[in-house]
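Asks: If you want the building blocks of each chain, they are given just below.
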Amino acid sequence: MKRRGSGPFTSVKTVTFVIILLFSSSLPLGAESEIPGQGIDPATVTDYLVSIIRADRQVYTSDVVKRMQDQGIVLAKEDWMDKNAIPLPAQFLHRSSKIVAESGSGIRFRLISLWPIYRKNGPATPFERKGLEKILKAPDVPHRGVVTTGKKKFFQSIYADNATSMACVICHNTHPLSPKRDFKVGDVLGAIVITIPMEN
Amino acid sequence: MDTTITSATPSKRKKGLTKKLVLSMLVVGVLPLLCGLLLAFYQGTQSIKEVNGASFQALATETTRKLDLVVSDELAKAHQLASHPALIQFLENQRDALGEVSQADRDQLFQQEQQAWMAKNPDLVQRITQGPIVSMLQQKIGGTYIDESQPIPLITRSATVGLYITDVAGHLIASVDTNPSYLNAQEEWWKGAFHNGVGKPYIGNVGFNQKTGTYTFTLALPIMDSLRYEAIGVLRRIFDTKEFFAPSIDIIRFGKTGHVMLIDSRGMVLSCPILPTGTFISDKQLIPLVTPMKAGWTSATTDGHGGEEASIIGFAPLPNISTITQESTGLAWHMFVWQSSEELFGPIQYFFKWITGFGLLGVGLLITLGYVASHRISSPIRRLQEAARQIGRGEFHEPITINTGDEIEELADEINRMKAQIESTVTGLESQVETKAQEFKYLQESTSKILDGVPDPVFMVDFQENIEYLNQASKERFNLTNAQTIGTSFFQLLRVDPGIQKRLHDEIKNVQTKLSSTSSLPSENSAPIRDPLVASHQEDLDSNRQELKLNDRLYRYRWFAVQTAPDKEPSAGLVLRDMTEESLLQDKLIHGEKMASLGVLSAGIGHELNNPLVGVIGLGEAIQEEAESEEIKEYAKGIVQHGKRMASVIRDFTGQVGSQFIDTQTPVNINEQLEKVLSATKSLVTSAQITVNTQFETVPPVQGKPHDLEQVFTNVISNSLQAMKEGGTLEVTTGIRDQAIHIVIKDSGVGISSSHLSKIFDPFFTTKTQGEGGGLGLTIAHRLITKMGGQIRLESEKNQGTTCHIIFPITESRTGSRKE
Chain A
2 MKRRGSGPFT
12 SVKTVTFVII
22 LLFSSSLPLG
32 AESEIPGQGI
42 DPATVTDYLV
52 SIIRADRQVY
62 TSDVVKRMQD
72 QGIVLAKEDW
82 MDKNAIPLPA
92 QFLHRSSKIV
102 AESGSGIRFR
112 LISLWPIYRK
122 NGPATPFERK
132 GLEKILKAPD
142 VPHRGVVTTG
152 KKKFFQSIYA
162 DNATSMACVI
172 CHNTHPLSPK
182 RDFKVGDVLG
192 AIVITIPMEN
Chain B
89 MDTTITSATP
99 SKRKKGLTKK
109 LVLSMLVVGV
119 LPLLCGLLLA
129 FYQGTQSIKE
139 VNGASFQALA
149 TETTRKLDLV
159 VSDELAKAHQ
169 LASHPALIQF
179 LENQRDALGE
189 VSQADRDQLF
199 QQEQQAWMAK
209 NPDLVQRITQ
219 GPIVSMLQQK
229 IGGTYIDESQ
239 PIPLITRSAT
249 VGLYITDVAG
259 HLIASVDTNP
269 SYLNAQEEWW
279 KGAFHNGVGK
289 PYIGNVGFNQ
299 KTGTYTFTLA
309 LPIMDSLRYE
319 AIGVLRRIFD
329 TKEFFAPSID
339 IIRFGKTGHV
349 MLIDSRGMVL
359 SCPILPTGTF
369 ISDKQLIPLV
379 TPMKAGWTSA
389 TTDGHGGEEA
399 SIIGFAPLPN
409 ISTITQESTG
419 LAWHMFVWQS
429 SEELFGPIQY
439 FFKWITGFGL
449 LGVGLLITLG
459 YVASHRISSP
469 IRRLQEAARQ
479 IGRGEFHEPI
489 TINTGDEIEE
499 LADEINRMKA
509 QIESTVTGLE
519 SQVETKAQEF
529 KYLQESTSKI
539 LDGVPDPVFM
549 VDFQENIEYL
559 NQASKERFNL
569 TNAQTIGTSF
579 FQLLRVDPGI
589 QKRLHDEIKN
599 VQTKLSSTSS
609 LPSENSAPIR
619 DPLVASHQED
629 LDSNRQELKL
639 NDRLYRYRWF
649 AVQTAPDKEP
659 SAGLVLRDMT
669 EESLLQDKLI
679 HGEKMASLGV
689 LSAGIGHELN
699 NPLVGVIGLG
709 EAIQEEAESE
719 EIKEYAKGIV
729 QHGKRMASVI
739 RDFTGQVGSQ
749 FIDTQTPVNI
759 NEQLEKVLSA
769 TKSLVTSAQI
779 TVNTQFETVP
789 PVQGKPHDLE
799 QVFTNVISNS
809 LQAMKEGGTL
819 EVTTGIRDQA
829 IHIVIKDSGV
839 GISSSHLSKI
849 FDPFFTTKTQ
859 GEGGGLGLTI
869 AHRLITKMGG
879 QIRLESEKNQ
889 GTTCHIIFPI
899 TESRTGSRKE
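Residue numbers (the numbering used here), protein chains in the order written: chain A, 2 to 201; chain B, 89 to 908.
The shape of chain B in the complex, shown without the other chains (with noise of 0.2 Å):
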């Protein structure tokens, strides 16, 4: 079990520190790799986006300004070609001629001619298709004619389809060829150009052209009079749409697939390279991208040529011909330049996967020399690891050697001194605890010899009554061997009656709560002390010193808890102390002392009764020798009087003795008892000139022999009379205080020593002379008030005098019979 968490751990911890180590070199290093890498690819998408842009729109600009140039071109060789002074006259004459006409004769005119054209009337074909000034619109388009200063570029004259005159009312004049209308003043270029007399230049749209099956669109200038004061016709020019702006338009490529193209404001496409004239772009939604009336570029979802990719487009209007154009039509034209996304953006996909390539070498490189490192930095940290449990486990078996040269090698040093030390540390730990293992041990035998050499038998029982400890003393006396006796119970040792089993358990019980309510530890005062002046510990040495009889001999015994451990329960100890000879002995000398009490009192009755026997002696006497009747009447009178008074102190004396004999406990009055005594005593308080007050109050009476109590009283009385050879007071009260009977006799006599205060209960102690007393008076006194359920004590200074309190406790039954 050790050795698997010993192996299991580690290894655990040892990929935990490496994998940390590399797992964090990679967030150093990766993190902001990758981080770069992003960013620079955004950066660069972004900065390819601005720039391609910003050229786009460059090339847009120029491309327009580039065909702009054109297209005024073509309106500048149109103007010079209406400003022709032979056209404008031949206008001016047509003009006049026709307002010389009356309108009806015009309009039939014209009806007949224009059936005739389209009846291709030879003579009116002729007419129309020949002559100077179609030999001069011929020359402009078949490049014959070519002005020195502003050749017309050929591929202007190969786009033209169509070029012709109206005159001032719209009737076709002049054309070189059969293609047109011969009515056009309801055609929208003629009314644009011809603009109410006023005359401006027209641009039409692009659209399908029947007649020549291409797409075209028309430029038609009006042509002014000599003073430039009015429209006198129109010449209009058709173009073919791709084969005039295709030389500008397409021969502009950049990459592969980079070029611009011309649409109208619909989103038409006028010139393309790819896309074909007359088509729509694509995306519907692109259109007011592209078409605004300023030039910029613009970031789109599609491309306008059918793809999906995002794209890049610039886009420019043409500035003067689009002024031109909405005038004419409302369109504008725009230019837009685009390139597909895959080659605008691939030389940065190739730079980011080849960056990607470089950044996964780099992960991979990170994490090998990460490997490396972590190892080298995380073994040293292990062999640390292994020295600190070694020593976590007690082992110190040698040095840890580790030579980084940094940090962890001084933290090696650090816990090879820390180990010295605590080796050390543990060292002296160890010899210590060792002695005081041997010191417990002696203690502990001490302890035991000195218990085993107590005579009286002792026990240690614990909580559950079973026998824990016995001595020397009472293996001997109950025939036991330590074998046999551990751990037994108690009371399966010590056969007693099943009541006083009852109590020594209580007993037990309550010695062992007691102390574990008071104090875990025994204190040093919790041994009792017996002071026979504390009333308040009588109880509780009474309590503890109780009378056991066992095996026919009679033993006082004690409890005293012991907490033998800390986390125990504390045991009970028992010390018994065998009474049988001290119990006989002590009755033989109660009764010696009785029976010396006894002796006081019959030389106390004879001193009574001799005082009058002799009396009666002198007066007998006194009638043999008297004759005289009268005298022995008188003599005789005197005997009767010496012998009723002889009679009363035998009365009183009987009374006295018999009582002596009642065994049994009844419940004794008190006073009666003190008035019995003090009576006795009567000859030897006159004798001695010893004042007596008594002051009896009622008290309940005391439970016991009424014999007892007047030999206490004797003994007591006694002890004060003789304390007062000299005479003095004896004072004697009877009464209740606190809930007892306080009984004081006080006497004003020689008093007691303090010294001899404390033995003055202990047997054969007496401060008297040889013959006054055996020492025992006061014993018997302590005994049989203690016998009786009261208390004694002495209060005495020397030459003070000696007061004696005797107080019983008033029980129910005192009170009740005290009622009765």
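Looking at chain A on its own, in the form it has when it is part of the complex (with noise of 0.2 Å):
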């Protein structure tokens, strides 16, 4: 299948694998030993890493989506494939996280709500729900942990998702399968789950 709007994807992968190199690498280089404990912090690496998710996401909206939408030239819609149209910013998201996941890195983000338009995107686990639940009371603070599959540790940061837009606020209000409706620009309409291995 064809990666469409290859470029901006392009830069976040890339991006995204500078930070894990140099997470990754810190290690080693930073304290010249591989003794555990010794790197960076990783709700900082996740702090870094929501920031490029957002920034990348923003440049998205107001330069690509709305001047585009503005000047007539093409509308952003979500069954974009089928139609000549650009994806919504959140499925910009959802496709840049999809090709991290398949880069095979190990680290994975996505958009979850109390509130999804589908399901799939409703928190998956209790440590999820529990994160959404206190993001929407204190949106400046991440809700951050360890959490496990099995026996497999990963590290989890849960930020707080803003209706940065009126689009955001039009489409979750007006969309069929959305089960909230009455969203104002600026509230939190859900999370941005970063999730990093704990090993290898």
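Treat the hints as calculated values from the structure; they're not laboratory data. Each residue gets a CB set at the ideal place from its N, CA and C atoms; glycine is no exception. There's no promise every hint is true.
Stated by the list, open to error - Below, computed lysine to any residue pairings styled on SDA-like, alpha-carbon distance capped at 20 Å: (1) K121/A / N408/B; (2) K153/A / G187/B; (3) K152/A / N181/B; (4) K121/A / S171/B; (5) K152/A / I436/B; (6) K813/B / T779/B; (7) K382/B / D83/A; (8) K153/A / Q182/B; (9) K441/B / L453/B; (10) K84/A / K382/B; (11) K99/A / Y270/B; (12) K154/A / N181/B; (13) K288/B / G105/A; (14) K288/B / G107/A; (15) K597/B / T652/B; (16) K99/A / N408/B; (17) K99/A / V139/B; (18) K847/B / E819/B; (19) K288/B / R96/A; (20) K84/A / E415/B; (21) K279/B / G105/A; (22) K99/A / Q414/B; (23) K764/B / E819/B; (24) K154/A / Q182/B; (25) K84/A / T779/B; (26) K84/A / K847/B; (27) K382/B / R153/B; (28) K154/A / G187/B; (29) K84/A / D156/B.
Stated by the list, open to error - Covered, in the sense of this in silico footprint (three residues per stretch, anywhere, with C-beta under 8 Å from a C-beta of chain A), are these stretches of chain B: (30) 178-188; (31) 423-437.
Claimed, not checked - Sample of chain B residues at the chain A side, in silico, Cβ under 7 Å: (32) D313; (33) L315; (34) R316; (35) Y317; (36) P407; (37) N408.
Reconstruct the complex from the two isolated chains, following the hints.
Replies: This is the structure we're talking about:
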């Protein structure tokens, strides 16, 4: 399958890779030893990552989608693949997330919400649910912690995701599958979850 | 002949007009009808195509949405199954357990287990086909477990022919039956769904399943760990294609043949109420037309079901499922809606047949009504035509009566009026023609009578020299009757010498060609006018006034040309005048005149001789009385002189008289003759105190009798001398002017009045007193000069003197003789 808009994705991927490399190589480089716990705090790593993810999406939202739509060149639509349209900002994030996952680097990020339009985007674990509830009350404080699946350990940070533009609000308020329809600009729509494996 | 023409032509025309009218009605009526029919048929076909195409497209789109939902729902159900916490926990444990075993041990263990599975090792079979997970799976298929909110449709359960789960490495861990393989990591569906641990839904292509003996397709979903971080297993569900889709597709039927069909991008039939699953649509060329990634309709030449007739086909891809199938295998699923053309276009063909039937009926009606209508129009026209033909033949029996109350009736009235006018005009013309014919008859008779009244014979000869007409005088003269002469040859009638006949023949031709070459109609001036003073007419006159000897009589004749009819060759007319008596009389007169002139001469001679004679006598008497010899000698000398003079007079006279008897034509010296005449008239000249001036140039001699010329000069000079009784001047000159010998004798006498001048050559016309002349001098002069081939004319005015011009043309012989 063709990857549409590979430019931004590639940039995200590259940046992510750089971060990952920095992160993974900083342990031996910074301490010149393999002593665990001497690297960068994973919370700092996810902070770095979320700033890139947000920035990328922001650029796409304001510099691409908004401009294209304002100039009447092309619209952003959910069924953009079947139409002459471009992806919604949220879909942009989903697709870049998929590419990151398929790259095999191990890092995952995705959007979750307590009021997801599609059920798969709801909280997958009690930790995620708890995090979503927490950031609703304190959007500026990310919810962090170590989670396990079987014997595997992962570090997760959950960052509040606000409705930055009117377009986000309108879509979530009008989509037939949306369970909540009274969002306002600035409201927390959900969260960005970044998951980093704690071991190889 | 005439009757056949009059009967055949109108019947032909009658048919023509009727046929034309019927044809034009047909053209006017049928052509638009046919055009309308064809247009309606075309439009109908087009709109049927468009309407049906659009509705087929709509149906295809609708059906794809429905099917999309069915498949999506099935995916959701599978997803729900794959999200079962117990299953996830089991698979997480399995993953962790595998992670603790070395790769080599793991390979060996699974090799053994695969062999055990293939050998249907009861322990293994029991472990995989029983247990809590399998129970859960069986509940889902068997329908014992029903989710309150999301009941699974029974159809999908019955369509399921396989359901099993593998772990993170593709080993079978749970299955409802023993059909699956134990190791699946290398299977397409497994790799597709596992997607390198990221996980992705997978829908496989339809293919023949050996184990179930049916066409099946796979739906595989990754089973994600509890964090949804990575895939820890794969759930595969196998569906019997026909059974899965048939309940959604086969029930959609419209009309007798209309139905929907599900195909993939290769053209393989997934489900169709007519074609069996797994076959391909018959026309490969149809595949690209109906498998674009957009809904639409097409007008294809085949129907995809083996039929070769043109079809309308609506098509649409399954929007969501095709995204998954394309990502999985590269193929998309499409809906195909079709109805047979016969059924589709049946109504319009039926309608067309009916309309054609009505159209033919209409044509028949048009022809019949057209024939009746055209007959109504053409029959009065035919009557008009008949009437016009009668008028053309000059039959004016009765007026035409047509009561159609339209333009034709008006035309009939007009023709009646025209007929009346023509009738009156023709009647007037007839009477005029009759009058003219009578006039012509009278004219002919009067002309004939006038000509009969003419004492001279008159003949008319046509171009072939046959007699056309002859008058009474000619009949009497030549003892002829009309019956024996009209049409006979002119020369049979008048026997003449061959030489003369040739001359006459030439003259006839000459006259006739002259008229036909100058003018076709005889002009008023064509008759020659006898004007002796106009030199140019003289030759014509002479050529037309020749003399001819017939039956011992002398005739002067003249030809004239007559145009008797516009298109006919001109005829030659001949007038004969008997000149026998006149000629004799003239000869006598000439002789008398000769005697008279001889008398004049004798008187002159007498006078000449008398004077010396008196002298001789006187001298003789004197000699008788004179004795003296000297005196006698003197007298004798005088006598000798007188005698010599008398002798010279006599010599002159005798020379003159001697020449009178020369009767043959010889070259005559004009100057000599003039001199002779002048000397002869010297005495008259002297007595009348007349001065004579002569100026003679050397001129060639003329052919003739010397005496004739002498007589001419004598007559002319005598007249001049007589005109100068009171004295005057006589000028006599000869010379050559304009290639002719010119002799001018001019006096200063009393002249001739213009009224007399025209008659001056007429016989017996004279202005002289009794005893001076007989009035024949100039007549004879004219006659003699003409005979010699010359011309004579007089110019004079009262009291201004008279000039006589005598002209002889210089001929070759004359020129030659002059040279000699």
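Asks: Go through the numbered hints given earlier and state which of them the structure violates, listing their numbers in rising order.
Replies: 5, 11, 17, 18, 25, 26, 31, 37
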